[in-house]
Amino acid sequence: MEKILLVILGPTGVGKTELTLRLAEIFNVPVINADSRQIFSEIPIGTAAPTSEQLARVKHFFVGNHHLSDYYSASLYETDALEVISKQHTRGNLALMSGGSMMYIDAVCNGIDDIPTVDDATRTLMKQRLACEGLPKLVEELHQLDPEHWAIVDHNNPRRVVHALEICHMTGQTYTSFRTNTHKERPFRILKIGLTLPREQLYERINHRVEQMIEQGLVAEARRVYPLRNLNSLNTVGYKELFAHFDGDYDLAEAVRRIQSNSRRYARKQQTWFKRDASIAWFQPSQLTEIEQYINHFVNP
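Residue numbers for the sequence shown follow our numbering, beginning at 1049 and rising by one.
Hints should not be assumed to be uniformly reliable.
When the alpha-carbon atoms are kept at most 20 Å apart in a straight line, the in silico SDA-like pairs for lysine to any residue are as follows [as the list claims (entries may be wrong)]:
1) K1135 - V1077
2) K1107 - N1158
3) K1175 - Y1120
4) K1175 - S1121
5) K1051 - D1128
6) K1175 - R1207
7) K1135 - F1109
8) K1240 - Q1319
9) K1232 - M1150
10) K1288 - R1316
11) K1240 - F1331
12) K1288 - E1263
13) K1175 - L1186
14) K1232 - P1164
15) K1135 - E1050
The set of hints was computed from the structure by calculation and includes no laboratory data.
Take these sequences, add in the hints, and give me the full structure.
Here you go:
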């Protein structure tokens, strides 16, 4: 019987979690989480990680299994997730992955370039240089060392600029030289289901979810991790805005407004990324019956 990886994807706030839980219960499979921030145990509220009740309903992989100070990447996720998928396929023909992290999903479905893991000494040095010298100087250095990657990288994204420089300094080669973009064949069929909503409805859901996070204790959660604010794992929507609030840049109401605005902007970025993939079958999250029928067409032909 053909092995299948079912991927449930879509923008933040669209309703992936509950629909994925329902499908996992229907098909009696665990959930392989594909959210790059929900892996960190210290920030469950701001990442909208599955609750203890949801985790009790269905077994999940890659939820709260790392700490903020741990190094983790899409490449490591590719290896770890493929191992879980392989084990699941020894029990049945269906594995279920769900999330909105574009790079994580791409890593599993298409493969990721074998870029070397950065050693601790290089990572510490580059982190210090970013703090002392600032991003513009590092961007210019990347221009000198790897002009091809400099031409395409987001110059306002410190994580991507610094990572490229880490590879340049550690290996003595350009970051570009490791990027082959070779599609890797997988020993299973990939079935992608995208969840979508009308824009105004999605934005309303996002705004409401941010308000719920504040009610659930997001401000206190952000204060607990504030001393670690320079970690890349906290360079994300929800925490950046609250850290600025703690620094006195603006009041809490403005921080909440900015979290909502930046969450909507991130949702648009996700939608743009996913729309490039013609293999995705799109549904609204309320269409559980139609989605189940669509999956059964492939799982139980």
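Results for each hint:
A hinted pair counts as satisfied when its Cα atoms are at most 20 Å apart, and K1135 with V1077 qualifies at roughly 12 Å. A threshold of 20 Å between alpha carbons decides the hint, and for K1107 with N1158 the separation of about 25 Å lies outside it, so the pair is violated. At most 20 Å may separate the alpha-carbon atoms for a hinted pair to count; K1175 and Y1120 meet this at roughly 16 Å. The hinted pair formed by K1175 and S1121 meets the criterion: a straight-line CA distance of about 17 Å does not exceed 20 Å.
Between K1051 and D1128 the CA atoms are separated by roughly 18 Å; this keeps the pair inside 20 Å, and the hint holds. For the proposed pair K1175 and R1207, the alpha carbon gap of about 10 Å is at most 20 Å, so the pair holds. Restraint check: the Cα-Cα separation between K1135 and F1109 comes to about 12 Å, which is no more than 20 Å; the hinted pair holds. Proposed proximity of K1240 and Q1319 is supported: the alpha carbons are some 14 Å apart, at most 20 Å.
Restraint check for K1232 and M1150: the C-alpha separation of about 17 Å stays at or below 20 Å, so the hint holds. As the CA atoms of K1288 and R1316 are separated by approximately 19 Å, the hinted pair is consistent with the 20 Å bound. Proposed proximity of K1240 and F1331 is supported: the alpha carbons are some 11 Å apart, at most 20 Å. Distance check on the hinted pair: K1288 and E1263 sit about 18 Å apart at the alpha-carbon level, within 20 Å; holds.
Our distance criterion of 20 Å between C-alpha atoms is met by K1175 and L1186, whose separation comes to about 11 Å. With a C-alpha separation of about 18 Å, the suggested pair K1232 and P1164 falls inside the 20 Å cut-off, and the hint holds. The hinted pair formed by K1135 and E1050 meets the criterion: a straight-line CA distance of about 15 Å does not exceed 20 Å.
Hint 2 from the list above is the single one not met by this structure.
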